[in-house]
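Residue numbers (the numbering used here), protein chains in the order written: chain A, 42 to 432; chain B, 4 to 228.
By construction, these hints were calculated from the structure, which means they are not laboratory data. Some clues are possibly wrong.
[What the hints assert, rightly or not] Cut-off 27 Å, straight-line C-alpha distance, at most; resulting in silico cross-link-like pairs (DSS-like, lysine-lysine):
{"hint": "1", "chain 1": "B", "residue 1": "K76", "chain 2": "A", "residue 2": "K422"}
{"hint": "2", "chain 1": "A", "residue 1": "K272", "chain 2": "A", "residue 2": "K223"}
{"hint": "3", "chain 1": "A", "residue 1": "K338", "chain 2": "B", "residue 2": "K32"}
{"hint": "4", "chain 1": "A", "residue 1": "K53", "chain 2": "B", "residue 2": "K141"}
{"hint": "5", "chain 1": "A", "residue 1": "K349", "chain 2": "B", "residue 2": "K70"}
{"hint": "6", "chain 1": "B", "residue 1": "K211", "chain 2": "A", "residue 2": "K349"}
{"hint": "7", "chain 1": "A", "residue 1": "K422", "chain 2": "B", "residue 2": "K178"}
{"hint": "8", "chain 1": "A", "residue 1": "K349", "chain 2": "B", "residue 2": "K178"}
{"hint": "9", "chain 1": "A", "residue 1": "K422", "chain 2": "B", "residue 2": "K70"}
{"hint": "10", "chain 1": "B", "residue 1": "K100", "chain 2": "B", "residue 2": "K11"}
{"hint": "11", "chain 1": "B", "residue 1": "K32", "chain 2": "B", "residue 2": "K76"}
{"hint": "12", "chain 1": "B", "residue 1": "K141", "chain 2": "A", "residue 2": "K59"}
{"hint": "13", "chain 1": "A", "residue 1": "K349", "chain 2": "B", "residue 2": "K220"}
{"hint": "14", "chain 1": "B", "residue 1": "K178", "chain 2": "B", "residue 2": "K211"}
{"hint": "15", "chain 1": "B", "residue 1": "K74", "chain 2": "A", "residue 2": "K419"}
{"hint": "16", "chain 1": "A", "residue 1": "K419", "chain 2": "B", "residue 2": "K100"}
{"hint": "17", "chain 1": "B", "residue 1": "K162", "chain 2": "B", "residue 2": "K100"}
{"hint": "18", "chain 1": "A", "residue 1": "K225", "chain 2": "A", "residue 2": "K202"}
{"hint": "19", "chain 1": "B", "residue 1": "K123", "chain 2": "A", "residue 2": "K349"}
{"hint": "20", "chain 1": "B", "residue 1": "K32", "chain 2": "A", "residue 2": "K225"}
{"hint": "21", "chain 1": "B", "residue 1": "K59", "chain 2": "A", "residue 2": "K419"}
{"hint": "22", "chain 1": "A", "residue 1": "K338", "chain 2": "A", "residue 2": "K419"}
{"hint": "23", "chain 1": "B", "residue 1": "K100", "chain 2": "A", "residue 2": "K53"}
{"hint": "24", "chain 1": "A", "residue 1": "K338", "chain 2": "B", "residue 2": "K211"}
{"hint": "25", "chain 1": "A", "residue 1": "K261", "chain 2": "A", "residue 2": "K59"}
{"hint": "26", "chain 1": "A", "residue 1": "K349", "chain 2": "B", "residue 2": "K6"}
{"hint": "27", "chain 1": "B", "residue 1": "K6", "chain 2": "B", "residue 2": "K70"}
{"hint": "28", "chain 1": "B", "residue 1": "K162", "chain 2": "A", "residue 2": "K349"}
{"hint": "29", "chain 1": "B", "residue 1": "K32", "chain 2": "B", "residue 2": "K59"}
{"hint": "30", "chain 1": "A", "residue 1": "K338", "chain 2": "B", "residue 2": "K162"}
{"hint": "31", "chain 1": "A", "residue 1": "K53", "chain 2": "B", "residue 2": "K123"}
{"hint": "32", "chain 1": "A", "residue 1": "K349", "chain 2": "B", "residue 2": "K11"}
{"hint": "33", "chain 1": "B", "residue 1": "K76", "chain 2": "B", "residue 2": "K100"}
{"hint": "34", "chain 1": "A", "residue 1": "K210", "chain 2": "A", "residue 2": "K160"}
{"hint": "35", "chain 1": "A", "residue 1": "K349", "chain 2": "B", "residue 2": "K74"}
{"hint": "36", "chain 1": "B", "residue 1": "K100", "chain 2": "A", "residue 2": "K338"}
{"hint": "37", "chain 1": "B", "residue 1": "K6", "chain 2": "B", "residue 2": "K141"}
{"hint": "38", "chain 1": "B", "residue 1": "K15", "chain 2": "A", "residue 2": "K419"}
{"hint": "39", "chain 1": "A", "residue 1": "K422", "chain 2": "B", "residue 2": "K15"}
{"hint": "40", "chain 1": "B", "residue 1": "K59", "chain 2": "A", "residue 2": "K422"}
In this text, all values refer to a predicted model and were calculated from it rather than measured experimentally.
Listed below are the residues making up each chain.
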Amino acid sequence: MKWLESVFMALKSIGSNKVRSALTMLGIIIGVSSVITMVSLVQGSTREVTDQFKSMGTNNITVSIMTWGSTRSVDPEDMVELADDNIDIIEGLAPLVNSGGTVKVGRDNISTRVQGTNKAYGVINNHNVTQGRFINVLDTERRLKVALIGSYVANELFNGKNPLGETIKIDGQPFTVVGLLKEKAGGAQHSDDDVIIIPYTTALRLTRAESVDTYFVQAKNAETVDVAIEKLESFLLETLKDPNFFSVYNQAEFLENLKEVQGTLTLMLGGIAGISLLVGGIGIMNIMLVSVTERTKEIGIRKALGAKRRNILQQFLIESVVVSSIGGILGILSGIGIAKLIGNFMKINASPSLFIIMLSFSFSAVIGVFFGLYPANKASKLNPIQALRVE
Amino acid sequence: MIKIEDMKKIYKMGSNEVHALDGISLHVKEEEFVSIVGPSGSGKSTLMNMIGCLDKPTSGKYSIDGKEVSKMKDNELADIRNNKIGFVFQSFNLLPKLTAVENVELPLVYMGVGRSERYKMAVDALKQVGLSNRLDHKPNELSGGQQQRVAIARALSSKPPLILADEPTGALDTKSGDEIMNMIKELHSSGKTIVLITHELYIAEQSKRIITLRDGKILEDRGVV
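Work the whole structure out from these sequences, hints included.
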């Protein structure tokens, strides 16, 4: 008997028992669609994060100084000097003094993030200026009270008026607005646009901080990242005498960690969803066993008419594979749909990879074979006389 | 056609042994029309399973159409059933979800005949039993007599030399039963060997030779005048 014919026969048998076949498939459909949904959401969201980090540049290095409770410290000017001495390795080095502040113009006032930094920060962090200028060397050297404002701050305080040259008060101190930052995040509150940037030297004095504890460094290119890290580490070790007082890390390293986390998460969620696929398979076996019992007479007739063991085995096996494969296809379609739907809510692109689609489809077919084998074998072993005697 | 030598079939029921067939020897020549009669428990169903290659004897020899089958494996027996024997059962044994023509095609499917060829052969067989206008009817849309005719067509489709009929009129009214008997007689005159199992004497008397079984032994073997 030919292969394709068995498939037709199986389709016919499935079609003649629609409700039961649909219920049998349901287990596989739910299993496959949850695998697809889970995996594509995890992959989609990590892709999102990865892309964000990539857009920030993988040449970026972050230095954290952790000297609380000790008298040791690093002079930010020494750090800047180190960068200037290694201009062929380091593109720029920006100290970062983060604090919050109340900003006042006339009677209006808002709370916002105040970042103290230097000229290099604009380049490293992709800050573009739409009007005016960024912080320059003179600003930092002379501790000038100048400020750049984000679009959210500009809208709240100036309401469309040109802010350049206006005076704002940060924690009571007057600053002159010298630039308007380009909008980065739709101008929303608490976003990258809800920010004021001032010279770090001024910021240190404003916040009464003793030293800078974060530096953003950009290596010249991808090849010099490791050399730059080495330079920074050896300088910091020399200055602070203790590797526990600082850490130097790179975006690429971070991305690698992220990938590892994604792998674990995919495996875990995929595994959990895989269990439901397994349960679906057991459902198939259950129904196939019932079907074999129910069709004992049919098997007897077929055997009397000349069906061999392998004909019967093939018939039942193909039937279970067809059921599970149809379930698999429906599961893939609904999984893609659900992932897209949730992805839309979470604002991530959650389309599953071809690999995971193929994998879950072949897994469902394998489940059909695996869980169909026992019932099919049982059917093929039936004694024709006893099978014929059943009413 | 059929050569049975000292065939025994012993069933073990717990510690008891039941001798369903107790040393049967039987020769049926080609183109003979034989009926096997006997009360229930006489072993005629067992003998019919043996002749139909559905079961294997405990001891003894059996050859059909010159082929020794008593030592054959299951798959080889399936081939013998497929090629040599056409079954007609008391309860028709049609597959309820298949149409008449699909039912008749079944033996040809297992013979490996191609789709269009198969269909043609099945239609021919149905024509032979006068059902060419019922090709696409399901068994439950047919009367008992018509269902049995479909079953006969199925037995004929693979053109086996032997037709084995087990109480073919048992589930039918007298009129349809007579029709079926006439059809079987026609098959005989067209050259088929026919073995008919029945417990009704007036059916048996329509054959040419009556073999009576009792307690697994042949009690009488006589020709019909």
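How the hints compare with the structure:
no. : hint             : in the structure
1   : B/K76 to A/K422  : 13 Å, holds
2   : A/K272 to A/K223 : 33 Å, violated
3   : A/K338 to B/K32  : 32 Å, violated
4   : A/K53 to B/K141  : 14 Å, holds
5   : A/K349 to B/K70  : 19 Å, holds
6   : B/K211 to A/K349 : 34 Å, violated
7   : A/K422 to B/K178 : 40 Å, violated
8   : A/K349 to B/K178 : 37 Å, violated
9   : A/K422 to B/K70  : 25 Å, holds
10  : B/K100 to B/K11  : 38 Å, violated
11  : B/K32 to B/K76   : 25 Å, holds
12  : B/K141 to A/K59  : 19 Å, holds
13  : A/K349 to B/K220 : 32 Å, violated
14  : B/K178 to B/K211 : 22 Å, holds
15  : B/K74 to A/K419  : 24 Å, holds
16  : A/K419 to B/K100 : 22 Å, holds
17  : B/K162 to B/K100 : 24 Å, holds
18  : A/K225 to A/K202 : 20 Å, holds
19  : B/K123 to A/K349 : 24 Å, holds
20  : B/K32 to A/K225  : 99 Å, violated
21  : B/K59 to A/K419  : 20 Å, holds
22  : A/K338 to A/K419 : 14 Å, holds
23  : B/K100 to A/K53  : 9 Å, holds
24  : A/K338 to B/K211 : 33 Å, violated
25  : A/K261 to A/K59  : 66 Å, violated
26  : A/K349 to B/K6   : 25 Å, holds
27  : B/K6 to B/K70    : 10 Å, holds
28  : B/K162 to A/K349 : 19 Å, holds
29  : B/K32 to B/K59   : 22 Å, holds
30  : A/K338 to B/K162 : 24 Å, holds
31  : A/K53 to B/K123  : 21 Å, holds
32  : A/K349 to B/K11  : 26 Å, holds
33  : B/K76 to B/K100  : 31 Å, violated
34  : A/K210 to A/K160 : 22 Å, holds
35  : A/K349 to B/K74  : 17 Å, holds
36  : B/K100 to A/K338 : 13 Å, holds
37  : B/K6 to B/K141   : 38 Å, violated
38  : B/K15 to A/K419  : 23 Å, holds
39  : A/K422 to B/K15  : 20 Å, holds
40  : B/K59 to A/K422  : 15 Å, holds
Checked against the numbered hints given earlier, this structure breaks hints 2, 3, 6, 7, 8, 10, 13, 20, 24, 25, 33 and 37; the rest are met.
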